[in-house]
Amino acid sequence: MEEITPMDLTVGVLGTGRMAQLHSTALRSIQEKGLVIDGERHNVAVALYGRDPVKVSLLAETCGAAKTSTDLESFIDDPDINVIDNCLVNRLHFTPLLRAIQNGKHVYTDKPLTNTASEGRYLLRAARQAGVHHGIVQNMRFQGGTSKAKEIIASGVLGRILHVRGVFGYFVPQRVENRPAWFYQKAEAGGGIVHDMMAHFFDLLGWMIGPIVRVSCDMTTVYSERETAEGERFRAEVEDAATVQMRFANGALGDVFVSWARRKHEEVPYFEIDGEDGSLIFSFNAMHQQLQANTPGFRYDPTQLQADPMTGWEPVDLEGGDPFEIQLRAFLEGIVTGVPAKPDWEDGVRALELVEAAYESVDHGRAVHV
Numbered sequence: 197m198e199e200i201t202p203m204d205l206t207v208g209v210l211g212t213g214r215m216a217q218l219h220s221t222a223l224r225s226i227q228e229k230g231l232v233i234d235g236e237r238h239n240v241a242v243a244l245y246g247r248d249p250v251k252v253s254l255l256a257e258t259c260g261a262a263k264t265s266t267d268l269e270s271f272i273d274d275p276d277i278n279v280i281d282n283c284l285v286n287r288l289h290f291t292p293l294l295r296a297i298q299n300g301k302h303v304y305t306d307k308p309l310t311n312t313a314s315e316g317r318y319l320l321r322a323a324r325q326a327g328v329h330h331g332i333v334q335n336m337r338f339q340g341g342t343s344k345a346k347e348i349i350a351s352g353v354l355g356r357i358l359h360v361r362g363v364f365g366y367f368v369p370q371r372v373e374n375r376p377a378w379f380y381q382k383a384e385a386g387g388g389i390v391h392d393m394m395a396h397f398f399d400l401l402g403w404m405i406g407p408i409v410r411v412s413c414d415m416t417t418v419y420s421e422r423e424t425a426e427g428e429r430f431r432a433e434v435e436d437a438a439t440v441q442m443r444f445a446n447g448a449l450g451d452v453f454v455s456w457a458r459r460k461h462e463e464v465p466y467f468e469i470d471g472e473d474g475s476l477i478f479s480f481n482a483m484h485q486q487l488q489a490n491t492p493g494f495r496y497d498p499t500q501l502q503a504d505p506m507t508g509w510e511p512v513d514l515e516g517g518d519p520f521e522i523q524l525r526a527f528l529e530g531i532v533t534g535v536p537a538k539p540d541w542e543d544g545v546r547a548l549e550l551v552e553a554a555y556e557s558v559d560h561g562r563a564v565h566v
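Heads up: the sequence shown begins at 197 in my numbering, then just goes up one per residue.
Treat the hints with caution; some may be incorrect.
[Said to hold, decoys possible] Here are the simulated PhoX-like cross-link-like pairs (lysine-lysine), alpha carbons at most 25 Å apart as the crow flies: (1) Lys229 / Lys538; (2) Lys251 / Lys263; (3) Lys346 / Lys538; (4) Lys538 / Lys344; (5) Lys263 / Lys229; (6) Lys460 / Lys344.
[Stated by the list, open to error] Ranges of calculated distance between the beta carbons of each label pair, as one might list FRET restraints: (7) Asp559 / Lys538: 25 to 33 Å; (8) Ala326 / Asn374: 37 to 45 Å; (9) Ser420 / Ala445: 33 to 41 Å; (10) Asn490 / Thr258: 46 to 54 Å; (11) Glu269 / Arg371: 30 to 38 Å; (12) Asp513 / Ala262: 37 to 45 Å; (13) Val418 / Gly516: 31 to 39 Å; (14) Leu449 / Arg287: 30 to 38 Å; (15) Asp504 / Val418: 29 to 37 Å; (16) Ser420 / Thr258: 34 to 42 Å; (17) Arg459 / Asp267: 38 to 46 Å.
It is worth saying that the hints were derived from the structure and are not from the lab.
None of these values were measured; they are calculated from a predicted model.
Heads up, the beta-carbon is just placed ideally off N, CA and C, and yes, glycines get one too.
Build the full structure now, drawing on both the sequences and the hints.
Shown next, in the form of structure tokens:
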């Protein structure tokens with residue numbers, strides 16, 4: 197095995213919003229715990245860019261940023277920064293990421309990779325040609341429940357996978373206070389809840405179950421008029437509820453319901469996966485498994501109360517941890533070892549292609565093969 201040379205990494209975080217805060221917290225934890233590979237410690241420093249100097253200063257103090265800037269281009273060009281971590285709004289992904297690649301930086305970005313699959317393919321080609329590491333945030337892969345589900349499915353204990361169901365969403369009132377208002381602007385966000393959340397679920401289910409080969413979708417805008425937290429009225433230009441059906445290459449069926457207008461009664465997202473030999477029900481932080489030997493017989497009798505629906509379901513122990521830190525640590529380790537981490541921009545492009553297939557399905561009223 198080749199000896200790994202100690203490496204100093206400076207990660208330049210773009211943005212000061214919620215995602216930048218999550219990434220910065222993860223980086224601070226990596227700094228404190230250390231990036232240790234084969235007994236060798238590699239130093240990680242944080243730099244921070246933002247438009248608002250007050251927000252930059254506050255976040256820099258929290259995450260221990262060694263360097264800050266309000267000039268995006270000079271920040272990306274800075275030779276002391278060797279990794280760019282993009283947490284800007286969706287419409288600002290393409291140009292900064294391309295500039296970072298042209299400067300030889302390794303690139304890590306929040307999803308979606310860009311607002312269109314064609315832009316995503318362009319960035320992927322550029323990153324490959326430059327020989328830089330490229331990663332996309334898919335924190336759902338690194339949650340306790342989802343990573344355990346992947347492990348159980350891969351073990352074969354569930355047998356042939358038959359179908360999967362997912363539910364996600366919570367209530368966002370017309371006066372938008374628990375989400376940024378820009379999420380409802382087409383030019384800023386690129387799309388609505390399909391663009392935002394199915395970029396996660398297409399990636400997650402494709403990773404757990406197998407390649408997705410057909411997509412159909414229906415969607416609606418529940419609230420076409422909304423208000424900012426400050427009371428300014430605006431028109432919502434994108435969908436806020438959708439149902440998406442999919443077919444996997446292995447024959448399994450899938451459906452996901454996503455909505456910013458549902459009143460949740462469970463930990464979200466929530467999943468059900470059924471195989472010939474067993475099933476899983478799980479969220480990020482809890483899981484139950486039922487194998488065929490423990491599956492009770494059922495016959496509907498309208499005159500009788502049904503038995504406890506959890507009969508035959510056994511809890512499964514899960515590991516915890518901050519998924520943003522777990523994935524970011526894996527990406528940085530990949531840079532040090534020279535072994536690229538997953539998910540990467542190939543996965544990001546595939547998610548965008550599936551999102552665009554969902555929109556095409558709505559436009560043409562039919563399933564789309566991908």
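Evaluated hints:
no. : hint                        : result
1   : Lys229 / Lys538             : holds, 22 Å
2   : Lys251 / Lys263             : holds, 14 Å
3   : Lys346 / Lys538             : holds, 14 Å
4   : Lys538 / Lys344             : holds, 17 Å
5   : Lys263 / Lys229             : holds, 21 Å
6   : Lys460 / Lys344             : holds, 24 Å
7   : Asp559 / Lys538: 25 to 33 Å : holds, 32 Å
8   : Ala326 / Asn374: 37 to 45 Å : holds, 39 Å
9   : Ser420 / Ala445: 33 to 41 Å : holds, 37 Å
10  : Asn490 / Thr258: 46 to 54 Å : holds, 48 Å
11  : Glu269 / Arg371: 30 to 38 Å : holds, 36 Å
12  : Asp513 / Ala262: 37 to 45 Å : holds, 39 Å
13  : Val418 / Gly516: 31 to 39 Å : holds, 34 Å
14  : Leu449 / Arg287: 30 to 38 Å : holds, 34 Å
15  : Asp504 / Val418: 29 to 37 Å : holds, 35 Å
16  : Ser420 / Thr258: 34 to 42 Å : holds, 37 Å
17  : Arg459 / Asp267: 38 to 46 Å : holds, 44 Å
In summary, the structure agrees with every hint in the numbered list given earlier.
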